[in-house]
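Sequences listed follow chains X and Z, in order.
Our numbering puts the first residue of the first sequence at 8, with every later residue one more than the last.
Our numbering puts the first residue of the second sequence at 44, with every later residue one more than the last.
Check the hints yourself; a few may be wrong.
Straight line, CA to CA, 30 angstroms or less: simulated BS3-like cross-link-like pairs of lysine-lysine [as the list claims (entries may be wrong)]:
hint : chain 1 : residue 1 : chain 2 : residue 2
1    : X       : Lys-76    : X       : Lys-65
2    : X       : Lys-56    : X       : Lys-75
3    : Z       : Lys-69    : Z       : Lys-56
4    : Z       : Lys-69    : X       : Lys-56
5    : Z       : Lys-69    : X       : Lys-65
6    : X       : Lys-65    : X       : Lys-75
Source of the hints: derived by calculation from the structure; they are not laboratory data.
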Amino acid sequence: AQSVTQLGSHVSVSEGALVLLRCNYSSSVPPYLFWYVQYPNQGLQLLLKYTTGATLVKGINGFEAEFKKSETSFHLTKPSAHMSDAAEYFCAVRRGSTLGRLYFGRGTQLTVWP
Amino acid sequence: DAGVTQSPTHLIKTRGQQVTLRCSPKSGHDTVSWYQQALGQGPQFIFQYYEEEERQRGNFPDRFSGHQFPNYSSELNVNALLLGDSALYLCASSLGTGGQPQHFGDGTRLSIL
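Next up, chain X with everything else stripped away, as it sits in the complex:
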């Protein structure tokens, strides 16, 4: 079975501070992992993805995530938060490359204080 756990439903940081959003997954086969961002009243926008290869993945808007198989984690980081980063972030897993269904975590709301 596939599942995704996002630790912390709300994270608050000051502008310029490090952003760390946690995601742990369970998967019966090698996973494909994704981070999406959702701004108010909008759909989901892909930030980055891990399929195979390099375990440190760089995405848009300065975000990156590292796939750690031993820890079954795919945490999202950004060195310096910006006010425009305030949004809801979702981690998602897909079972390999043959099936398109995404399993999402419950999301983490990121607040950035000036």
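With chain X's structure known, arrange chain Z on it following the hints.
Chain Z in isolation, oriented as in the chain X frame:
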């Protein structure tokens, strides 16, 4: 390059009614997936359509049905609406059923009174 478009953006229905939501995939995409996002939750997979057939289905009752047209657009139909069907319904498109990431529309907000 048009992204995924969904209509309508908002919809209000009463219990027992039926509703149809529509989705046009991103240009060049041939696969459409539907998700339900309840308030404060992550999206839940409803089903996926490819080559006009339902290829995968999540844990949703038969009241939820869909269709894909030859131009790859898709409809989601929900019958006998319940209060619990109130949610944001998201459509996602991709090229093929595996490997490529899904691109999401802005969703249809469905409210059941």
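Evaluated hints:
1. Taking the CA atoms of Lys-76/X and Lys-65/X, the gap is near 17 angstroms; set against the 30 angstroms cutoff, the hint holds.
2. Straight-line distance between C-alpha atoms of Lys-56/X and Lys-75/X comes to about 14 angstroms, which keeps the hinted pair within the 30 angstroms bound.
3. Distance restraint check for Lys-69/Z and Lys-56/Z: the Cα-Cα separation of roughly 28 angstroms lies within the 30 angstroms cut-off, and the hinted pair is therefore satisfied.
4. Of the supplied pair hints, the one linking Lys-69/Z and Lys-56/X holds, its CA atoms being roughly 19 angstroms apart against a limit of 30 angstroms.
5. In summary, the hint linking Lys-69/Z to Lys-65/X is supported, as the alpha carbons are separated by about 24 angstroms, within the 30 angstroms threshold.
6. A distance of roughly 15 angstroms separates the Cα atoms of Lys-65/X and Lys-75/X; the hinted pair therefore holds under the 30 angstroms criterion.
In the structure shown, no violation is registered for any of the earlier numbered hints.
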